[in-house]
Amino acid sequence: MLNRTLAPESKLVDEISFIEPLKQVLDNGIPVFTINAGKQELVRIEFIFENVNWDPSKPLEAIAVSHLINNGTTTLTAKEIADKVDYYGAFLQTEYGADQTCVKLYTLNKHLNSVLPILHSIINDSIFPEQELVIFIQNQKQSLQVSLQKNDFLARKHFANALFGDTPYGSNIQPSHYDDLKRADLCDYFKAAYKPENCTIFVAGKFEETEFNILNRIMGNGWNNDAASVGNKFNFSSIHKGEILVERPDAIQSAIRMGTLAITRNHPDFPGFQVLNCLLGGYFGSRLMANIREDKGYTYGIGSAVASLKDAGYFFIATEVGAEVCNSALNEIEKEISILKDELVQDGELALVRNYMLGSMLGSLENAFSHADKFKNVYFSGLDYSYYENYIKTVKSITAADLKDLANKYLNTDDFTKVVVGKK
Amino acid sequence: MVDFNRFTLANGLRVLVHEDDTTPMAVLNILYDVGARDEEQDKTGFAHLFEHLMFGGSVNIPSYDEPLQRVGGENNAFTSNDITNYYITLPAVNLETAFWLESDRMLSLAFSEKSLETQRNVVCEEFKQRYLNQPYGDVWLKLRPLAYKTHPYRWATIGQDLKQIEDAKMEDVKAFFKKHYNPQNAIMVVGGNVKIEEVKVLAEKWFAPIPTGEKYVRNLPKEAVQTEGRKDTVITDVPLNAIYMAFKMPARIDSEYQAFDLMSDVLSQGQSSRLYHSLLKEQQLFSDIHAYISSSIDEGLFVIEGKLVEGVSVENAEAAIWAELDKLKAEEVTDVEITKVKNKSESIMVFAEMSLLDKAMNLAYYELLGDAATLNTEIDKYLAVTPARIQQAAKATFTKEQCSTLYYLTTQLTTQDA
Numbered sequence: 039m040l041n042r043t044l045a046p047e048s049k050l051v052d053e054i055s056f057i058e059p060l061k062q063v064l065d066n067g068i069p070v071f072t073i074n075a076g077k078q079e080l081v082r083i084e085f086i087f088e089n090v091n092w093d094p095s096k097p098l099e100a101i102a103v104s105h106l107i108n109n110g111t112t113t114l115t116a117k118e119i120a121d122k123v124d125y126y127g128a129f130l131q132t133e134y135g136a137d138q139t140c141v142k143l144y145t146l147n148k149h150l151n152s153v154l155p156i157l158h159s160i161i162n163d164s165i166f167p168e169q170e171l172v173i174f175i176q177n178q179k180q181s182l183q184v185s186l187q188k189n190d191f192l193a194r195k196h197f198a199n200a201l202f203g204d205t206p207y208g209s210n211i212q213p214s215h216y217d218d219l220k221r222a223d224l225c226d227y228f229k230a231a232y233k234p235e236n237c238t239i240f241v242a243g244k245f246e247e248t249e250f251n252i253l254n255r256i257m258g259n260g261w262n263n264d265a266a267s268v269g270n271k272f273n274f275s276s277i278h279k280g281e282i283l284v285e286r287p288d289a290i291q292s293a294i295r296m297g298t299l300a301i302t303r304n305h306p307d308f309p310g311f312q313v314l315n316c317l318l319g320g321y322f323g324s325r326l327m328a329n330i331r332e333d334k335g336y337t338y339g340i341g342s343a344v345a346s347l348k349d350a351g352y353f354f355i356a357t358e359v360g361a362e363v364c365n366s367a368l369n370e371i372e373k374e375i376s377i378l379k380d381e382l383v384q385d386g387e388l389a390l391v392r393n394y395m396l397g398s399m400l401g402s403l404e405n406a407f408s409h410a411d412k413f414k415n416v417y418f419s420g421l422d423y424s425y426y427e428n429y430i431k432t433v434k435s436i437t438a439a440d441l442k443d444l445a446n447k448y449l450n451t452d453d454f455t456k457v458v459v460g461k462k
Numbered sequence: 031m032v033d034f035n036r037f038t039l040a041n042g043l044r045v046l047v048h049e050d051d052t053t054p055m056a057v058l059n060i061l062y063d064v065g066a067r068d069e070e071q072d073k074t075g076f077a078h079l080f081e082h083l084m085f086g087g088s089v090n091i092p093s094y095d096e097p098l099q100r101v102g103g104e105n106n107a108f109t110s111n112d113i114t115n116y117y118i119t120l121p122a123v124n125l126e127t128a129f130w131l132e133s134d135r136m137l138s139l140a141f142s143e144k145s146l147e148t149q150r151n152v153v154c155e156e157f158k159q160r161y162l163n164q165p166y167g168d169v170w171l172k173l174r175p176l177a178y179k180t181h182p183y184r185w186a187t188i189g190q191d192l193k194q195i196e197d198a199k200m201e202d203v204k205a206f207f208k209k210h211y212n213p214q215n216a217i218m219v220v221g222g223n224v225k226i227e228e229v230k231v232l233a234e235k236w237f238a239p240i241p242t243g244e245k246y247v248r249n250l251p252k253e254a255v256q257t258e259g260r261k262d263t264v265i266t267d268v269p270l271n272a273i274y275m276a277f278k279m280p281a282r283i284d285s286e287y288q289a290f291d292l293m294s295d296v297l298s299q300g301q302s303s304r305l306y307h308s309l310l311k312e313q314q315l316f317s318d319i320h321a322y323i324s325s326s327i328d329e330g331l332f333v334i335e336g337k338l339v340e341g342v343s344v345e346n347a348e349a350a351i352w353a354e355l356d357k358l359k360a361e362e363v364t365d366v367e368i369t370k371v372k373n374k375s376e377s378i379m380v381f382a383e384m385s386l387l388d389k390a391m392n393l394a395y396y397e398l399l400g401d402a403a404t405l406n407t408e409i410d411k412y413l414a415v416t417p418a419r420i421q422q423a424a425k426a427t428f429t430k431e432q433c434s435t436l437y438y439l440t441t442q443l444t445t446q447d448a
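Chain order of the listed sequences is A and B. To convert, take the position in the first sequence, counting from 1, and add 38; that gives the working numbering. To convert, take the position in the second sequence, counting from 1, and add 30; that gives the working numbering.
It is worth saying that the hints were derived from the structure and are not from the lab. Just so you know, not all the hints are guaranteed correct.
Quick list of in silico lysine-lysine cross-link-like pairs, DSS-like style, CA-CA up to 25 Å [as the list claims (entries may be wrong)]: (1) 311/B <-> 122/A; (2) 144/B <-> 373/A; (3) 73/B <-> 311/B.
Turn these sequences into a full structure, and let the hints steer you where they fit.
Laid out in structure tokens, this is it:
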């Protein structure tokens, strides 16, 4: 008779293998890191540019350039670019991040030769037509108006601004910032940022010598942009601590976001801090979820995270809770953090978190794209794969006492910035 | 190409196996053939609430999540108007844990009062977070009952209102389980670093002892053909005017489904699409505009939705959408356009094969539609669509009589004008 009360035997995740990229260089000096893996005849190519020339009075420059870069070049109109990319079943995306901006292409290999010239034109010859800028301003302002009515958006924005002030990490974008955008500024930014010495290429998918040669032939020549630029560099010391309440009288839920500056991926405590974060709010079975969702039913979801940017790391907890239980939820969050600081985590829970994190790491290496993403994480932190070795070692070996120490070192709620949008 | 094998247990459970040795992981996906369309009209939102309760412990295992996390696994689920789908991903070496957990909750739940109480609250908070506390969040709570009058698609998966969820009783939970959660009403897909022989042994061991249960025979009221245009207007505290138009379109397994899907792509896939180019870029009537299909198993919806540029009248915006729809009726789409949307469909299908979980979910869904093997031939149906068939689809669909239009208007602008 089958005994269903007993769990089947299980094994620890032991072997986690990473695919390290091949480094090559285009004729114009751009480094190309390639994860050549997968069965499907497709490829993702990312052109990543460091953000430069930060000017707090023009916070939307890099963002607008990223959005509008595929909206017209000296040889192609916005419509022609879209027509060509779509015709080949390719996907061209631009992504603005606080540190880097990415022009990303997904294509079937058979169309690589046809779509790369479009990218070359975009990255070299964009002209940012006035008419496209006008449409962009109008539509982005409208989109921002909608976002400004969302509690979680407001909470994120106020929290980031309290921690990071008027930098790309925290800039408090208002509709009026869009009105200030000037075509000439966009062209200047484009010339300064989208140049070979500011670019790194990451490739993932089926990508062999033939494909590399196509890439080099089309993208490896001299590029047009070569204006001088200054890399962005930030220090954060004067953060706004304490409570920020943004009242919205009609709210039926309140968005909570709280946390503080913390450490970046380079810091030796970072992997241990990730274990601590996982325990507190980093997975479905976390203490915050177990208490505030699964026991109290105050929310649909609550979580915490550690984030590592180029010039700052931070920790935060985020949730949306019923407005009438907002204070109770805040108290429970405080309580869970105190417990981490005062009490040792039990062996069973720690073992569970270890296994969960290892399984999760294994599962996050699903395909060529995810291997490339793992590489980018360490690359942009100036680290190598020994970071992951150390991460895995830490997850396997960290003790309850270590975690308690880390909680006391990094989770001092008196120093937290606590944003509530809605009602308390 | 997604290869698979399949077998059926004596109790009726269909099992599909997709071997993929490029990953160290395994997926166990179970699709239950029950969705919000199977709910009674005074107990809506129940299929989804029930999905939450499936994580509240089963008859022999008090906690579902914990043992899974302990072996490095993760899980989640979703409910739609048609199906409820549960999935686990975990290191393949621990595959049996997934069989143990999933089979026990198919056998029977713990039916804990505490779990019901908590999940009622959680689902109410989900209702607020996603539908009530967001600008435009309740659109589908308004649009569904406008477009459907008799078919249960007239309510959203989350339910008609908070009250029906708050009123859910344990006896309802038990009855729902008995009616829908049995082996013959489920399709299981096991994929990843697994072997068919191993899956057969585990399926026999853990799932074969589960009783067959009663067969649920679906008998849903059929929606009558819409013969009169419908309009509704919401005026509320949102920043922009918006318009939503919904037309009935054929069921998922209809032979013309792919023509409709490609027609929505011609209108709205990418920045080269007609609505984006004409209405957003050239005429600048909308700051945001999309066309899409609901892809539901029974007769579905072809939806066009857009947010208006400030100062544009909703009547002009609506007329401009109609002009685009009339163009589809009057002229065939060009060869370039049809090639473009077919190429895009091909790309999307190849990219979908990058994800083990997507492959497993797709196999289960196509098996439900009739045969998992059609997942691999679906693209041929898209490639066979002609401009004439798209024009035919447009003619049959885009009439004022068959349109349900929702104006979602702002009080903010009117206040400013006054």
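Consistency of the hints with the structure:
1. 311/B <-> 122/A: holds, 17 Å
2. 144/B <-> 373/A: holds, 22 Å
3. 73/B <-> 311/B: Not OK: residue 73/B and residue 311/B at ~45 Å, beyond 25 Å, violated.
In summary, the one numbered hint that this structure violates is 3.
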